[in-house]
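Student: Chains as they are written, first to last, in the working numbering: chain W, 143 to 463; chain L, 45 to 304; chain G, 154 to 551; chain F, 147 to 438.
Hints may be right or wrong, so weigh each one.
[Stated by the list, open to error] EDC-like, lysine to aspartate or glutamate: derived pairs with alpha carbons at most 16 Å apart:
hint: 1; chain 1: F; residue 1: K179; chain 2: F; residue 2: D320
hint: 2; chain 1: G; residue 1: K285; chain 2: G; residue 2: E467
hint: 3; chain 1: G; residue 1: K390; chain 2: F; residue 2: E148
hint: 4; chain 1: F; residue 1: K179; chain 2: W; residue 2: D257
hint: 5; chain 1: G; residue 1: K430; chain 2: F; residue 2: E262
hint: 6; chain 1: G; residue 1: K390; chain 2: F; residue 2: D320
hint: 7; chain 1: W; residue 1: K370; chain 2: G; residue 2: E206
hint: 8; chain 1: G; residue 1: K344; chain 2: W; residue 2: D278
[Stated by the list, open to error] Label pairs and their in silico Cβ distance ranges:
hint: 9; chain 1: L; residue 1: E291; chain 2: F; residue 2: R315; range: 31 to 37 Å
hint: 10; chain 1: L; residue 1: E282; chain 2: W; residue 2: L249; range: 15 to 21 Å
hint: 11; chain 1: W; residue 1: F408; chain 2: G; residue 2: E518; range: 42 to 48 Å
hint: 12; chain 1: F; residue 1: V235; chain 2: G; residue 2: K390; range: 53 to 59 Å
hint: 13; chain 1: L; residue 1: N82; chain 2: W; residue 2: T329; range: 18 to 24 Å
hint: 14; chain 1: W; residue 1: A161; chain 2: G; residue 2: T282; range: 27 to 33 Å
hint: 15; chain 1: W; residue 1: F408; chain 2: G; residue 2: N354; range: 40 to 46 Å
hint: 16; chain 1: G; residue 1: T282; chain 2: F; residue 2: N277; range: 57 to 63 Å
None of these hints come from the bench; they were simulated from the model.
We put the beta carbon where it would ideally sit given N, CA and C, even for glycine.
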Amino acid sequence: MKKNLPIVFVCVLLFALFAVVQVGLSSGFISSYWETNIYLIGINIILAASLNLINGITGEFSLGHAGFMAVGAFAGGVITLNLGLPFLLAIVVGMLAAALAGLLVGLPTLRLRGDYLAIATLGFGEIVRVVMMNIDYVGGAAGLMGIPAVVNWPIIFISVVFTILLIRNFICSSHGRSCLALRENDTAAQMMGINITYYKVMAFVIGAALAGLAGVLYAHYYTIIQPKEFNFLLTFDILVMVMVGGLGSLTGSVVGAVLITVASAFLQSIPELRMVIYAALLIASAVFRPQGLLGAKEVSMNLLRKWGGVLNGSDGSKQAQ
Amino acid sequence: MALMEVNKLSKAFGGLVALNNFNLQVEAAELVGLIGPNGAGKTTVFNILTGLYRPTSGSLVFDGHDLYGKHPHQITKMGMARTFQNIRLFDNLSVLDNIKIAYQAVINYGLLPVFFRVPPFYRVEEQIEEKSLKLLEIFDLKKLAQEKAKNLPYGEQRRLEITRALATNPKLLLLDEPAAGMNPNETSDLLDLIKWIKDKFNLSIILIEHDMSLVMRLCERVIVLDYGSIIAEGPPSEIQQNPKVIEAYLGDEEVASWEK
Amino acid sequence: MNFRGKKGKPVALLTVLVFVLGIFAAGCGGGTEESSADGDTIKVGVNLELSGEVATYGTGIKNGAELAFEEINADGGVLGKEIEVLVQDNKSQNREARNIAEKLIGEGVVAVIGPATSGNVQAEVPVLTDAKIPVIAPAATAPEVTYDEKTDTVKEYVFRVCFIDPDQSQVMAQYILDELGLKKGAMMVNKEDEYSIGLGNAFKEFFTTNGGEIVAEEGFITSDTAFKSQLTSISSKNPEFIYVPTYYKQVGLIIKQARELGIELPMMGADGWDSPKLVSIAGAESLQDCYFTNHYSIEDPAEHIQSFVKAYDEKYGATPDSFAALGYDAGYLLAEAIEQAGSADPEKIQEALANIKDFEGISGEMAIDEKHFTVKDLSIIKLVDGQQTLINKLKPER
Amino acid sequence: MEELLQQLFNGLSLGSIYALIAVGYTMIYGIVKLINFAHGDVMMVGAYVALAGTIMGLGFIPSLVIAMIACAFLGVLIELVAYRRVRPVSRLAALTSAIGMSLFLEYTMMYFVGAEIRTFPPGVLTERTYNWAGIIITNKDLLVLGTTVVLVVFLQFIIYRTRTGKAMRAVSYDGQAAQLMGINVNNTISITFFIGSALAAAAGMLIGMYYNSINPLMGMMPGLKAFIAAVLGGIGSVPGAMLGGILLGMTESLVAGFGGSMYRDAVAFIILILVLLVRPTGLLGKDTQEKV
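So here's chain W without its partners, still in its complex pose:
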């Protein structure tokens, strides 16, 4: 049986990570350009992990993630910008609003089979965009501008840790197992007494709420949000992260989000080629490894031992890029 990482070890590593980045930021050692990328990595991890909860863990196929994110972003923005209320409330409201959207989409569309569901959720994302554009209270097409820029490294860090813990705890519970069961075989899952509608909706709601969290963070970092940003291409980016990392693997989503965000930064000067590469990656990961880079495997102590010294070597190897 695989051994778990000692909790103290994890906590120390996390604190070290937090501290190193924090010091790097406040000393100006990390340039503001890379600061943005670090924040973006955080937001993308949340998005990829939450999409993976719906698509990979539960085996539903949602293409509406940008829509959920938009709902969170605009709801959060309204709280701080239009109403002048605190950021923490924006997070709560943004997540609740997105969760509600998840419920609204989840309930009717659950009768749909995989690929139909995918297209229906894609439609939902587009509808959200059109609706946002027509609501003057959230700025119409111009969107919200001048949202307070309150997001900083501690907030991003805590949100990412919160998201991963939440999803991890969910997967390693009876509820998570029920979701896995319905992914594996929904007929058999019903025969095990699992209410599949309930769990499908639950996955949608949790996934949407976390996408909403990412939206609130996004809004309060970039300070400007426009409906047109939350289009299908955004969902596509997240899908690439999930697929490259491995459908169903939480660790994979994290790795995928980091890899794709960093790759995106390096490919900045050749944007068309960037999309070509992403598209090719998506095709390749679907064709050759439907299970993705890490498959459904998770990083555990055993795997880490196999990698041996990856931790020590990581600084040097990354610098070489």
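Got chain W; can you put chains L, G and F on it based on the hints?
Tutor: Showing chains L, G and F alone in chain W's frame:
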């Protein structure tokens, strides 16, 4: 009162009548065989009983509950479990997880403990795990607990599916062709296993099976379906002599050989 | 919260750690945050839409600005130093526009030119204001780019070369009422685009308060290609002209489809019309009786304009559109400000820019007022058989 | 009244564009059971190939034929590269691959030709406008509608009257059984993609000429709309796709013509979701029950 009581059950798909006026009574701790040629509607009966299909007409009462319009997961919780003709395990999950998922029908916790990992969470999780391992031990699958279900040999997959069905704590177990694809040795092991679980877990069983020797040796009562209707019902010895049954089967074989 | 795993289950956190550390390490190389003012060259950042939705605007500005800096450097540079231009592509996304601004700050630029669209400029402004680096937006016509009406605050570090949208709408409304004598108008606005919405709203206000009437108002979105439904609906209200303040991609389709439906009304628009593509999409025969406001006209016989057109044609083999002219003006405006400041210190440049009073550009003589709005003439251009003719130059009243 | 009629005609011409794309879309779905997300983008490639043809001075028909042949092979290649391996494994993996292929085509094209709009050289098609009692329609509208009708008849003929069509229907009904009956399933699917993509190319050229404006992303929205049309008409049914396309076009036109132009796309997606929920087989689709 009978554990399961089905009256005048009919099911039509579009214009095709798959089941016509089907009646069934199963007493507690009874083992009933359901046989008939391919396409006779046997699996349709199971699908209706477990709530996967909604009947066109007729009534179903199980353990005092009306089953009409109930969802499969609700029916499972009333104490009905089944296996499938083509094995349906949670292929990519471990053997242990397959069983744990089944136990969750019986013991579970709410959503908040999941996120905040309060003590009840661990208590229930440990309980589920303990019970699952015990059950696996009984069925000689404990050593495979961490294997992915899809990596098990065929016979063990069948056994795991039955074990998983039992984990939902059923009163009535529906077995859909459990001996399909088994050699005579495995079949005879299976026969012992079914007898044993019936007594050990105090179950009623409905068995769909093509292997006549198994049916005849195992069942107390046999129902024969052909073209969606019951053509005979009685103890195995009578059924073997029934001319209608012989004709249905011979006819079937004739057609089969003719098609080849 | 408890992090007590029971099985060998995901410890994704660790991966976060490994990779963020990796990024951190990779990130270390990037930032050398020192102003280049003391070096041999003056670094200027150019943050433009070179790909994506509005790549043509960014490309025009880039060509214009590069031509300007080339000429300036050939004349011995500014304050005896050569100007070094760092051009970056923001993919027409405001997120990227902001990222680029941060990257440019890291490179130590003294000022940033661009982006082209108002939305993308607004995305970069907070970052650059924090870093106290001035921005020259060549073509951001939305008033709020430099001045927030709600809070009555001026965005100190943002300047622009172009006029603002209300000027365009006002001049066009005035022209329609006074010169053409039309009173009943219809509008077609891209509701997904703040440029189009801003122009539409301002036009409606000027037109109706000065005695005109808007009898029909229809909307569409950027991805639309079929406009006959809206046009049919407009035509049934019998307007005397249609105001279509949007970009040439849609304008071309709208005018073409209107003419196909037999709607021969005059069509009016704004600087977004200025592209040779307009003629190829709509067809020259459809482009009759069309008017739009613009920054300048290549028809303008003034000497400096014609020499610019010639130089541009020599370098790029094309006629410069408005964006090229504005990019060119942005380059010279910045050089002038550095010259006047007598230093390449970003804050001194900012002060100098705020005091620009009579800068003579290709797009006209301009002054920057207290809201950082640019005061200048607008050209009204008429299309006949797809050919542009300059028919008037008007100064908006403010 | 006249306005309403004109709106219906506007809807008919918009709808026949959707229908034109939808017939190929629905044929591929009907036989392969795969949402070929890239169908709209094959159409885009067809438009560019046809454009290249006309720029080189070829006429309308030669350009059309070249575009159709090029895209037919492109379609076969796409199936080979992106779908063949995953098709039997998982529909979702196949859909993911299809989405990837869609963006791959869009951005590869953009990489080579740029994002800028291209227009056909003037004179490839002489445009005429007809005015029937106040209702205005152009020869382009008639061309698109006529082509759609011809294609529907052509496809129905292929599917129901030829050997290949019989094989297609067999593959559609049960791929494994078809294989056992000696049908080469992969070849049949390749042929399906060959025909479907050739039709997409024809649609691409016609639509490019219709609007006289093509760009690398032109296939995205119409592709989705065509899918909605196909679902509305009953996915897999070729006449259904035509009916669905025209109904969708008319609905959109009425929505846009009577004040809801902003909600045109939203309405289309709502129709999609409603049809999927209420009558997943669409208007002309066949009822099928999934086996448990």
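Student: Against each hint, give a clear statement of whether it holds in the structure.
Tutor: Each hint, compared with the structure:
1. Pair hint K179(F) plus D320(F) holds up; C-alpha atoms about 11 Å apart against a cutoff of 16 Å.
2. A threshold of 16 Å between alpha carbons decides the hint, and for K285(G) with E467(G) the separation of about 37 Å lies outside it, so the pair is violated.
3. Taking the CA atoms of K390(G) and E148(F), the gap is near 13 Å; set against the 16 Å cutoff, the hint holds.
4. Annotation: proposed proximity of K179(F) to D257(W) holds, straight-line Cα distance about 10 Å (limit 16 Å).
5. About 9 Å separates the Cα atoms of K430(G) and E262(F), which keeps this hinted pair within 16 Å; it holds.
6. Restraint check for K390(G) and D320(F): not satisfied, since their Cα atoms lie roughly 57 Å apart, outside the 16 Å limit.
7. With a C-alpha separation of about 11 Å, the suggested pair K370(W) and E206(G) falls inside the 16 Å cut-off, and the hint holds.
8. Taken as a hint, the K344(G) and D278(W) pair is honoured in the structure, with Cα atoms around 11 Å apart against an allowance of 16 Å.
9. Roughly 36 Å separates the CB atoms of E291(L) and R315(F), a value that falls within the hinted 31 to 37 Å.
10. At about 52 Å, the CB distance of E282(L) to L249(W) disagrees with the hint of 15 to 21 Å.
11. One distance hint, 42 to 48 Å for the beta-carbon pair F408(W) and E518(G), holds here, with the actual separation near 45 Å.
12. Checked against the hint of 53 to 59 Å, the pair V235(F) and K390(G) passes, with Cβ atoms roughly 57 Å apart.
13. Separated by about 21 Å at the C-beta atoms, N82(L) and T329(W) satisfy the suggested range of 18 to 24 Å.
14. Taking the beta carbon of each, A161(W) and T282(G) are about 30 Å apart, inside 27 to 33 Å as hinted.
15. F408(W) and N354(G) have their C-beta atoms about 42 Å apart, which keeps the hinted 40 to 46 Å range intact.
16. Checked against the given bound of 57 to 63 Å, the beta carbons of T282(G) and N277(F), roughly 58 Å apart, stay inside it.
Hints 2, 6 and 10 from the earlier list are contradicted by this structure; the remaining hints agree with it.
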